[in-house]
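Please model the entire structure based on the sequences and the hints provided.
Chains as they are written, first to last, in this note's numbering: chain A, 5 to 385; chain B, 5 to 385; chain C, 5 to 385.
Hints in this document: simulated from the structure, not taken from any laboratory.
Some clues are possibly wrong.
[To be verified] Listed next, the in silico DSS-like pairs over lysine-lysine satisfying Cα-Cα at most 25 Å (straight line):
{"#": "1", "chain 1": "A", "residue 1": "K355", "chain 2": "B", "residue 2": "K343"}
{"#": "2", "chain 1": "C", "residue 1": "K343", "chain 2": "C", "residue 2": "K355"}
{"#": "3", "chain 1": "A", "residue 1": "K355", "chain 2": "C", "residue 2": "K263"}
{"#": "4", "chain 1": "B", "residue 1": "K355", "chain 2": "C", "residue 2": "K355"}
{"#": "5", "chain 1": "A", "residue 1": "K355", "chain 2": "A", "residue 2": "K343"}
{"#": "6", "chain 1": "B", "residue 1": "K343", "chain 2": "C", "residue 2": "K355"}
{"#": "7", "chain 1": "A", "residue 1": "K343", "chain 2": "B", "residue 2": "K343"}
{"#": "8", "chain 1": "C", "residue 1": "K355", "chain 2": "A", "residue 2": "K355"}
{"#": "9", "chain 1": "B", "residue 1": "K343", "chain 2": "B", "residue 2": "K355"}
[To be verified] Covered stretches of chain B, going by a simulated chain A footprint (3 or more residues, C-beta under 8 Å):
{"#": "10", "segment": "59 to 65"}
{"#": "11", "segment": "253 to 263"}
{"#": "12", "segment": "284 to 295"}
{"#": "13", "segment": "362 to 375"}
No residue lacks a Cβ here, since even glycine has one placed at the ideal position from N, Cα and C.
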Amino acid sequence: MPVDDIADALPLVDHHCHGLFPADLDDARLADSLSEAFAPAPPGTSHWDKPVALSVRRWCAPVLDLPPLCPPAEYAERRRALGAAEVNRRFLAATGIGTYIVDSGNRPEELCSVTEVGAIASAPAREIVRMESVAEGVARGGVSAAGYAQAFEAAVRSAVGDENVVGLKSILAYRATLRIDYGNPAPAEVEAAAGRWLAEIEQTGNVRLVDQTLERHLIWAGADIARERGFPIQFHIGMGDPDIELHRVDPSHLTPWVKEVESWGFPITLLHCYPFHREAGLMAENFPQVYCDVGFALNWVGPSYQRIMDEALELVPFTKQLFSTDAFGLAELYFLGAKRFRTALTRALGKWIDDDECSVTEAERIATLIGVENARRIYRL
Amino acid sequence: MPVDDIADALPLVDHHCHGLFPADLDDARLADSLSEAFAPAPPGTSHWDKPVALSVRRWCAPVLDLPPLCPPAEYAERRRALGAAEVNRRFLAATGIGTYIVDSGNRPEELCSVTEVGAIASAPAREIVRMESVAEGVARGGVSAAGYAQAFEAAVRSAVGDENVVGLKSILAYRATLRIDYGNPAPAEVEAAAGRWLAEIEQTGNVRLVDQTLERHLIWAGADIARERGFPIQFHIGMGDPDIELHRVDPSHLTPWVKEVESWGFPITLLHCYPFHREAGLMAENFPQVYCDVGFALNWVGPSYQRIMDEALELVPFTKQLFSTDAFGLAELYFLGAKRFRTALTRALGKWIDDDECSVTEAERIATLIGVENARRIYRL
Amino acid sequence: MPVDDIADALPLVDHHCHGLFPADLDDARLADSLSEAFAPAPPGTSHWDKPVALSVRRWCAPVLDLPPLCPPAEYAERRRALGAAEVNRRFLAATGIGTYIVDSGNRPEELCSVTEVGAIASAPAREIVRMESVAEGVARGGVSAAGYAQAFEAAVRSAVGDENVVGLKSILAYRATLRIDYGNPAPAEVEAAAGRWLAEIEQTGNVRLVDQTLERHLIWAGADIARERGFPIQFHIGMGDPDIELHRVDPSHLTPWVKEVESWGFPITLLHCYPFHREAGLMAENFPQVYCDVGFALNWVGPSYQRIMDEALELVPFTKQLFSTDAFGLAELYFLGAKRFRTALTRALGKWIDDDECSVTEAERIATLIGVENARRIYRL
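Listed below in structure tokens is the structure:
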């Protein structure tokens, strides 16, 4: 097998992605989907003026029968002419992803369901339950402060009762941030915090869980369930939208909690991690149950993807790294994420072979672990 | 146009530099100018033993008719033999910089004025008003605690009344650090803080603004003026002299303030950023009014400049990155900073072209944005 | 001299390593020695599945007459067949290290002594006194709270009375972390803290110094002795075992203390530093008495060593970087650490030469400073 095929044929497990946009997108919505900002680009500029968008024009345009680097307006028009269904089908067919593990809790009203992802891809699609969305659903559904903790736990247990579910997720980093005390709050504290939250919802209509006590309850309750089921909890780490303050989301802030639940045995997967992928790598080395990926970053840095993968390979054990696209909405991002991952891993390991650091056999084994086997093992696929 | 010319002819806008040393330098002063330390090099060593100084010997010596890598003593002697005026003229002529935007507030007694920079360079030189210097001038000039806030604001307004001024700057990172509460202090708080500061000046004679309350007032007052004028506020970020504690100057600490003033529309430019240029890149992606550069670092790392530029290009939108030399005093640093920027950007984009990620046309457009157009647009040149 | 020999023949000074395992290792113990975790690898995985272990199989196997990349079980068996003494002798003979500077205070019951390191290597071996181990020895030996401070200081003075000792070390980062107040505690505070510690030892039998006040006393007492003797204090920085929380061990947290003792003149050496080697580099630039290395990381990242060296060379003055292996127990790590350092430095400087940034003569001088002369100068060898 030639070295440049190391990762080409792997039936990748995308252990973290979201649903697809089922509908056509007008020009503005397409451009906004290429941005993490909550705002349009400044006057005289465009959200297409960035690395990931350059890469969409370069590598995704041909999938839509367009020339590489075609202008954004033509790209947007062709996308609508083909229709969302065909666009989604084409890109997912081109990913070579073998299994999709889909976070079902982020803006589900805009995205297709987990089942639909599987149907579009003609591949298995499994579900991750986003615990903050469950908590917000409980609050929205009507609950007393005294009943909140039990209702939340019951709702998570009910959600994971679906045998298609393979793990939990927390976006603690976006909400209370990772720079918190990690003690398991007492029931009275949770009740008091829930009371404050429910009163605020009553007043403002805004159902967004940010309270630190409730987030602490959420991750400890999630840990109980993950322990029972033996499946992973995913944590958002590092880069994200404007709600992130990076200095608060270094994964090493999680260390005290990771230690407390180490003996519980369930895997903890650190998502994205950039620019803290080196910190995540050390945690994966130090703690038996910690795993990590650099999805999202591989897509978002456009032509600069190779360095991110190279850095991710520095410290993390080969049995601890995972593949994800973190694709959200745009079918392009599943395709591009898989492409970047395959190319980056192949080139990184190819360089190890060229440098006489590694054999082709070992490189294939490492690529299979990172791209497929590690996720199969910990998500029990 | 050959790929290796992408950035060669750009009439760069150096959006952050300082004045030049107008006088000849003795050996010790020249060596000290190659160091961020406040102290001489340890016994048996020299400030010439470092990356930036190696690069000065390699690339600047020929501009003074010396052989590459000539010994420091010869370099220093030749510099004096030519005279500061000729040295300054030669290096600035060789930069190809089209416009200089000069911070006029840092050790002005040692440096030539903004006007003189323009005269030496035969190019437009515009001014940035350093707000901490204005505040210290107000304190030095005599003011009451009750009158401080108004006097400071009037002094900044007066300074920006000069139509050559194109922006404001804060060195908050050096003074109160970025790890602060960002609330706008009430007038009574400002008056109390000013009273303490003025009393301390009275006692010690030391006029250095470090008080957090006064710094908060400063940036909020600056924001008001920047909003009115529609021009940028620059912030020192990351690497600097021994007054910096790096863990306190990660730009993501600014996030709460950036969000509060987002709707005000004025640009915020993050200077230097190393080693937090990835953090700065995400902020430029997340917030429409945030811009950044890796000046200073490109000079100071000597032969290692390429990696810094490569990393800076990972995430930041093409419309959000800027060029600066951060040259201070030594004419060499304008020349070397421009040279490093042109080479690094050309090679980075050239690699994108070689990797079939980008066309020559796109690369030229990106280079023009980063080197020239972004600064012209936000500084309204 | 060909460029690719720049660092090959240097009689390196390994300014930070530990003793060797004098006894044979069973399979489990050998695997555990390739991990920073406190736990075995998760089921279905092995501590051999990581970068450093791949490099041991690739580069160390041939030293034991095994084929490159031979299976771990064969490697472990061959290691025992040769016997620890022969294994240790072979690897140390192959390092080309001229002088070993050995931290004698970490798990001495498992490792050979400083003298034995020298005997095995047929090279000088000098000692570093780990102050936390001295403090714990004092506590273990029986002391009153009132007598603790004086007893600790006397014990350190006694230890450094041995003329083979060339420096002190603190693992503050592992214990109170670097994110502390750095004031020198008053005697009464030290006495009170010692009282609490001794009572806890009495209760638990666990003699582990973690108290912040006692750590502050330790580094200030160490500073007094280092000043008198004119020798360095080493600080653990950055990556380590599960007791590390990375966000608490950025070296820039040490800045206030570094400033307070700057005039005392003794060197401060920042060990490992990854992933904060850029932060360490700026501190070495800013403060005359600060030095740093990227040992440990060069070993632990396996095939990815080059990037770490490249980044370490960005900012740190040539007179401020040091060589270390941070080898602990396994003879392989002295050999691999020296090999990685020589290759990385040669290639980094070779690239500077290829890029016309540096001459061969300068490169040799820089390599000699970093690999040999800087350590000789500050440790007064």
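Can the segment 284 to 295 of chain B be counted as covered by chain A under the rule of three residues or more with Cβ-Cβ separation shorter than 8 Å?
-> Holds: 6 residues of the segment 284 to 295 of chain B have a Cβ under 8 Å from chain A.
Within a Cα-Cα threshold of 25 Å, do A:K343 and B:K343 meet the stated pairing?
-> violated (35 Å)
If you draw a straight line from the CA of A:K355 to the CA of B:K343, is it 25 Å or shorter?
-> At roughly 31 Å apart (the allowed maximum being 25 Å), B:K343 and A:K355 break the hint.
Are the Cα positions of C:K343 and C:K355 separated by 25 Å at most?
-> holds (18 Å)
Has the segment 59 to 65 of chain B got at least three residues whose CB is nearer than 8 Å to a CB belonging to chain A?
-> violated (count 0)
25 Å limit on alpha-carbon distance, applied to hinted pair B:K343 and C:K355 = Distance of about 19 Å is within 25 Å: holds.
Does the alpha-carbon distance linking B:K355 and C:K355 stay inside the 25 Å limit?
-> Distance ~17 Å between B:K355 and C:K355 Cα, so the pair holds.
Between A:K355 and A:K343, is the straight-line Cα distance small enough, at 25 Å or below?
-> The hint holds at about 18 Å.
Check, residue by residue, whether the segment 362 to 375 of chain B contains three or more positions whose beta-carbon lies closer than 8 Å to a beta-carbon of chain A, and give the verdict.
-> Holds, because 4 residues of the segment 362 to 375 of chain B bring their Cβ atoms closer than 8 Å to Cβ atoms of chain A.
Is the hinted pair A:K355 and C:K263 satisfied, with a Cα-Cα distance of at most 25 Å?
-> violated (43 Å)
For the pair supplied as a hint, C:K355 and A:K355, confirm whether the alpha-carbon distance does not exceed 25 Å.
-> holds (17 Å)
Does the alpha-carbon distance linking B:K343 and B:K355 stay inside the 25 Å limit?
-> Cα-Cα ~18 Å, so holds.
This entry does not satisfy hints 1, 3, 7, 10, going by the numbered hints stated previously.
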